[in-house]
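Participant: In the order they appear, the protein sequences are chains A and B. The first sequence: position 54 = 54 (my numbering), numbered continuously. The second sequence: position 20 = 161 (my numbering), numbered continuously.
Hints listed in this document are in silico derivations from the structure and should not be mistaken for laboratory results. In this text, a Cβ means the ideal position worked out from N, Cα and C, and glycines have one as well. Take the hints with a grain of salt, since some may be wrong.
In silico BS3-like links for lysine-lysine, alpha-carbon gap of 25 Å or less [what the hints assert, rightly or not]:
1. A:Lys70 to B:Lys191
2. B:Lys317 to B:Lys306
3. B:Lys223 to B:Lys292
4. B:Lys314 to B:Lys191
5. B:Lys228 to B:Lys317
6. B:Lys228 to A:Lys70
Per the computed footprint, the stretches of chain A lying under chain B, defined by three or more beta-carbons under 8 Å from a beta-carbon of chain B, are [stated by the list, open to error]:
7. 34–44
8. 57–63
9. 66–74
10. 95–103
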Amino acid sequence: MKKLFLASCLVLTMSLTACAVGPQRGIFDTDKTQLQLRSIQSRTFETIDRERTLRNVIATLQDLGFVIEKADNGLGAVTASKFVGTQELRMTVTVRANGQKRMLVRANAQYGLSPIEDAETYQDFFHSMEKSMYLAAEGVS
Amino acid sequence: MRFLRIALVAMSLMLVACTNNVPRGLLRTSADTLAQRRTQSRIFETSDEKMLLSASAALLQDLGFNLDDSETELGLVVASNKIDATKPGQVMAATALVILSSLNRHGYDREDDFYGDVDDHERIRASIVTRPAAARSTILRVTFQRLIWNKRGELSRVETIDDQKSYQDFFAKLSKAVYLQAEGL
Numbered sequence: 001m002k003k004l005f006l007a008s009c010l011v012l013t014m015s016l017t018a019c020a021v022g023p024q025r026g027i028f029d030t031d032k033t034q035l036q037l038r039s040i041q042s043r044t045f046e047t048i049d050r051e052r053t054l055r056n057v058i059a060t061l062q063d064l065g066f067v068i069e070k071a072d073n074g075l076g077a078v079t080a081s082k083f084v085g086t087q088e089l090r091m092t093v094t095v096r097a098n099g100q101k102r103m104l105v106r107a108n109a110q111y112g113l114s115p116i117e118d119a120e121t122y123q124d125f126f127h128s129m130e131k132s133m134y135l136a137a138e139g140v141s
Numbered sequence: 142m143r144f145l146r147i148a149l150v151a152m153s154l155m156l157v158a159c160t161n162n163v164p165r166g167l168l169r170t171s172a173d174t175l176a177q178r179r180t181q182s183r184i185f186e187t188s189d190e191k192m193l194l195s196a197s198a199a200l201l202q203d204l205g206f207n208l209d210d211s212e213t214e215l216g217l218v219v220a221s222n223k224i225d226a227t228k229p230g231q232v233m234a235a236t237a238l239v240i241l242s243s244l245n246r247h248g249y250d251r252e253d254d255f256y257g258d259v260d261d262h263e264r265i266r267a268s269i270v271t272r273p274a275a276a277r278s279t280i281l282r283v284t285f286q287r288l289i290w291n292k293r294g295e296l297s298r299v300e301t302i303d304d305q306k307s308y309q310d311f312f313a314k315l316s317k318a319v320y321l322q323a324e325g326l
C-alpha cells in the first residue's frame, strides 16, 4: 500500500513537472526553423495589385470574426484580433511583391501566450482568403 | 503489473500535459460567415470612400469614441470608448451574497469579496472598413468588440458584439451622419 502511495505521488509530480523541465524558452526561440515557418506562413497570389490584396486580407480577417486594429498601406501590414473563449487570437498579415506578377502574403498568429506554428491553421487562413477573394470578385456584399 | 499500469498512466499524463493547447480550426470560416457579413455591412451609393470614413469618424466622436488608428488609403478607422458597466442587478446580487455570508458565519468575512466580481467599466472597440463595390458604390463594414473589467480591476470578460440590433442602430445613425457630411453640416 505504501509503495502504491509513493508511486502515485511520483506519477503526480512527474505529470505536473513534465512541461517545466529543461531550459526556459528564450524570447527569440521557435519550434520550427526560420525557413520552415516562412514556408508554412506564406502563400503567393497571382496578382500585381498590392492594395487590392491588402483589402482582401482585411475582408478575410473580418469574415473570420477579427476586429481590425491597425493597417499600414506603405508597409503593407494589417493587425487584427478576436476572442476565442477567454483567449485572444492575434494576427499580423503582410503583403509584398514577389517578382513581377505575384504578391507574397505572410501571416503569423498568436493564441493567448502560444505562437501558432502548425501548417493546417495557416492553410485554413489562405483557403478562407481565396474564398473571400472569390466573393469580392463576384460582388457579394 | 500494477507498477506497469501506473507507468503507462504517468506517460499518458506527461504527453497530454505537453500537447500544444492551440485549438484546431481557428481560422476556418463558419456557416454563418455570410450572415455576419450582411449584418455588419451596408452599401452606400457613393464612390467617395474618404467622405464615408470622415462621416464614420464624426459619428464615432458623436458617440464618445476616441480614434485609435486610421489608414484612409485602405479604408480603415479604429476607435474605442470607455463606459461605466455597473449593472444594478449584479450589485443587488453581490449585496444579497454579503448578507447571506455574514448570517451564515456570524459576521462579514473580508475574504468574501463579492463586490470584486461586479462589472466596473467596459471598453468598446469599433473597427470600420470601407471598400469599393460595383456601380460607383462603397461597402462599409463595422465590427465591435467589448472588453469588461470588474471592480478588482481585472479583465473579466471579452466578446465580439454580434447582436443585430446594435448594428442596425449604428447604421441608422451612420446614415444620418453621411447625410450631414454631404450637406456640410
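Participant: Look at each hint and say if it fits the structure.
Facilitator: Comparing the hints with the structure gives:
Among the hinted pairs, Lys70 (chain A) with Lys191 (chain B) is consistent with the structure: their alpha-carbon atoms are about 17 Å apart, no more than 25 Å. At roughly 17 Å between alpha-carbon atoms, Lys317 (chain B) and Lys306 (chain B) fall within 25 Å of each other, so this suggested pair holds. At roughly 15 Å between alpha-carbon atoms, Lys223 (chain B) and Lys292 (chain B) fall within 25 Å of each other, so this suggested pair holds. Simply put, Lys314 (chain B) and Lys191 (chain B) have alpha-carbon atoms about 18 Å apart, close enough for the 25 Å limit, and the pair holds.
Only pairs whose Cα atoms come within 25 Å are accepted, and Lys228 (chain B) paired with Lys317 (chain B) is rejected, the gap being roughly 31 Å. At roughly 32 Å between alpha-carbon atoms, Lys228 (chain B) and Lys70 (chain A) are farther apart than 25 Å, so this suggested pair is violated. Three residues within the 8 Å Cβ limit are the bar, and the stretch 34–44 of chain A against chain B gives 0, so the coverage statement is violated. For the stretch 57–63 of chain A, the assignment as covered by chain B holds, since 4 residues bring a beta-carbon within under 8 Å of that chain's beta-carbons and 3 suffice.
Here the stretch 66–74 of chain A counts 8 residues with a CB under 8 Å from a CB of chain B, which clears the bar of 3, and the coverage holds. With 0 residues bearing a CB less than 8 Å from a CB of chain B, the stretch 95–103 of chain A misses the requirement of three and the coverage assertion fails.
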